[in-house]
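All residue numbers for the sequence shown refer to the numbering used here, where the first residue is 33 and numbers rise by one.
By construction, these hints were calculated from the structure, which means they are not laboratory data. The beta carbon of each residue, even a glycine, is placed where N, CA and C say it ideally should be. Do not take every clue at face value.
Here are the computed lysine-lysine pairs in the DSS-like style, where the Cα-Cα straight-line distance is at most 25 Å [to be verified]: (1) 77 x 202; (2) 260 x 213; (3) 167 x 217; (4) 212 x 167; (5) 105 x 90; (6) 90 x 161; (7) 217 x 271; (8) 167 x 213; (9) 161 x 212; (10) 105 x 161; (11) 167 x 202; (12) 213 x 202; (13) 212 x 276; (14) 105 x 167; (15) 105 x 260; (16) 90 x 42; (17) 161 x 210; (18) 260 x 276; (19) 77 x 105.
The following label-pair restraints were derived from C-beta to C-beta distances [unchecked claim]: (20) 92 x 240: 16 to 26 Å; (21) 59 x 95: 16 to 26 Å; (22) 246 x 272: 19 to 29 Å; (23) 137 x 111: 42 to 52 Å; (24) 73 x 207: 13 to 23 Å; (25) 43 x 139: 36 to 46 Å; (26) 141 x 190: 25 to 35 Å; (27) 272 x 134: 14 to 24 Å; (28) 112 x 270: 32 to 42 Å; (29) 173 x 73: 40 to 50 Å; (30) 140 x 246: 19 to 29 Å.
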Amino acid sequence: MVAHATIHHKLDLALRLVNTVTGRVVEERNTQFITGLTGVRAIPKQGGMYLFLNVGSKDFEMDIHVYGYEPQKIQIRLSELQGTMPIREVYLLPLETPIREDVLTLRGRLSGIEEIEAVSLSDTNCCIKEFDARKRIMSVLNQRNVRFHHTHYGLVNRERTEYEHFEVEKELSPQEIKCKKTLEKEFSINQPIGRIIFGQINNQEEYILRVANDENATYLVRYVTDGKTYYQAVDFHEKEISLKAHETVKDEETDGKEV
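Generate the whole structure from the sequences, applying the supplied hints.
Spelled out as structure tokens, the structure:
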């Protein structure tokens with residue numbers, strides 16, 4: 033009689049690698065995922081996806097190394113990943129090299145910086161029309177049929193001084209999207225919507241943010257320093273740009289006043 037062993041595998045984590053500058057998935061297969069967990073390996077799939085089986089239930093750190101991109105350390109919180117496909121999108125910064133001319137870089141040091149991201153101020157192809165708070169459905173003016181393939185977007189205010197970061201749960205049509213949460217701030221018709229571009233915070237409080245090298249490369253940069261949120265309009269074509277810690281702060285403590 034031949035004994036048969038039953039092996040059970042549980043999908044605990046799926047990573048989708050995305051080039052944050054272009055918004056396209058990363059198909060590069062020269063990758064390394066370092067977790068410190070025993071017996072865990074990445075299973076590559078199409079569309080920049082990697083599956084991790086039998087990871088367990090404890091949160092952990094992961095170092096990600098992908099050829100052509102900045103190395104990145106992320107925190108995996110399994111309790112935040114739900115459903116049969118627990119997907120976590122990881123936004124990678126393409127490396128800047130002497131022969132590379134397709135990206136522009138904002139780099140510097142700022143004490144206490146925790147987060148950095150940006151939305152284009154020149155890309156106004158899509159604007160908000162109305163929002164059903166009960167259904168969390170946003171209607172958009174979308175004459176060029178821009179597709180909402182990504183998760184993170186920013187709704188820029190009329191003064192172009194701040195934006196509300198929101199997440200897309202599902203694209204219902206090119207004119208309607210369902211958001212994961214209701215909008216927290218008031219808005220006006222025709223406020224522009226832009227894809228969020230994520231930067232990276234490295235050791236010793238160094239920040240890096242890269243965007244496409246287009247003719248118009250003006251972005252509204254959002255960054256968090258010591259728990260306070262700041263916004264700064266940046267033209268990436270200018271030389272010697274740096275973030276400041278005394279721009280207009282948006283939080284409950286200051287109520288939007290300058291500090």
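Going down the list of hints, with the structure as the test:
no. : hint                  : result
1   : 77 x 202              : holds (22 Å)
2   : 260 x 213             : holds (22 Å)
3   : 167 x 217             : holds (16 Å)
4   : 212 x 167             : holds (10 Å)
5   : 105 x 90              : holds (17 Å)
6   : 90 x 161              : violated (42 Å)
7   : 217 x 271             : violated (34 Å)
8   : 167 x 213             : holds (10 Å)
9   : 161 x 212             : holds (18 Å)
10  : 105 x 161             : violated (38 Å)
11  : 167 x 202             : holds (12 Å)
12  : 213 x 202             : holds (12 Å)
13  : 212 x 276             : violated (32 Å)
14  : 105 x 167             : violated (36 Å)
15  : 105 x 260             : holds (23 Å)
16  : 90 x 42               : holds (14 Å)
17  : 161 x 210             : holds (14 Å)
18  : 260 x 276             : holds (12 Å)
19  : 77 x 105              : holds (21 Å)
20  : 92 x 240: 16 to 26 Å  : holds (24 Å)
21  : 59 x 95: 16 to 26 Å   : holds (20 Å)
22  : 246 x 272: 19 to 29 Å : holds (20 Å)
23  : 137 x 111: 42 to 52 Å : violated (35 Å)
24  : 73 x 207: 13 to 23 Å  : violated (42 Å)
25  : 43 x 139: 36 to 46 Å  : holds (37 Å)
26  : 141 x 190: 25 to 35 Å : holds (33 Å)
27  : 272 x 134: 14 to 24 Å : holds (21 Å)
28  : 112 x 270: 32 to 42 Å : holds (38 Å)
29  : 173 x 73: 40 to 50 Å  : holds (46 Å)
30  : 140 x 246: 19 to 29 Å : holds (22 Å)
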